[in-house]
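Let the hints inform the model, and build the full structure from the sequences given.
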Amino acid sequence: GGKAPAFLQIRLLTGRGNTHPARALAIIHGRLTNDEKARLREINRIRRQEIEGRTARLKLEEVPLLADLRAVGWPMESVWDLINMHTRVCYPEAIPVLLRHLMLPYSDRIREGIARALAVPEPEARAAWPLPVAEYRKAPMGQGIIALGDTEEYRLGTKDGLACALSILVTEATLPDLIELARDRSLAESRVLLLSALKKRRNKNPVVVQVIAELAGDPDLRKEIASWRKR
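Using the UniProt record's numbering, you'd call the opening residue of the sequence shown number 1 and step up by one each time.
Worth flagging that the hints you see were computed from the coordinates, not collected in a lab.
Hints are supplied without guarantee of correctness; some may be wrong.
[Unchecked claim] Derived DSS-like pairs (lysine-lysine); straight-line CA-CA distance at most 27 Å:
#1 Lys200 <-> Lys223
#2 Lys223 <-> Lys199
#3 Lys138 <-> Lys199
#4 Lys59 <-> Lys138
#5 Lys204 <-> Lys223
#6 Lys223 <-> Lys138
[Claimed, not checked] Label-pair ranges, simulated between beta-carbon atoms:
#7 Lys37 <-> Glu180: 51 to 57 Å
#8 Glu214 <-> Val89: 37 to 43 Å
#9 Ala216 <-> Cys90: 32 to 38 Å
All of these numbers come straight from a predicted model, not from anything done at the bench.
Cβ atoms here follow ideal geometry from the backbone N, Cα and C, with glycine treated the same way.
Here it is in structure tokens:
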């Protein structure tokens, strides 16, 4: 038959796990006609433009948030910079700013960044527990527009980001709230990210053991919980 399309050739080369995708692309590129190479270059150029455009739009949208962070001593290029450093430094001064901006109607990509930046066990963040819980409950899930001006839909990230934050912010006092969220099937697979808080407590809290046993039958959670027994 005729030559398979380039994306199928790449899949065939990488399918057995013995060829790195970048190497596969180089192999396929060597097989392309000049016309196909030109089309591929144009596709890549358009894709780069889209990424650069989104980056610029997000930067503009973040201006009020970054100004407020700068005012409390945290100059950032993006809220995501906080996430990249939060395993090494604490930023308690930034927490009230992040909580305030979490309630504002930013695009999904920025809201996810704010949510993940709140995934730190700071007293100020823990004291505001009802806010991330409420935002988690109402955050949309599935596919959607993640940045202003986008035309293509991607997986929305805010709900997952808030689930990560809640798994870190939870205390023994707020654990019943987290258990209630983990049981709520309307919150779908994002609840997997809440489970780390239960896993951490399973050897200390008999109620948590009982809840984990119950959740092990949940279609969205059973795979993650089953994996714990294999480790």
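Tested hints:
1. Lys200 <-> Lys223: holds (17 Å)
2. Lys223 <-> Lys199: holds (14 Å)
3. Lys138 <-> Lys199: holds (25 Å)
4. Lys59 <-> Lys138: holds (25 Å)
5. Lys204 <-> Lys223: Holds, because 23 Å separates the two Cα atoms, which is no more than 27 Å.
6. Lys223 <-> Lys138: holds (25 Å)
7. Lys37 <-> Glu180: 51 to 57 Å: For Glu180 against Lys37, whose Cβ atoms are near 56 Å apart, the range 51 to 57 Å holds.
8. Glu214 <-> Val89: 37 to 43 Å: This hint holds: roughly 38 Å between Cβ atoms.
9. Ala216 <-> Cys90: 32 to 38 Å: holds (35 Å)
This entry satisfies every hint, going by the numbered hints stated previously.
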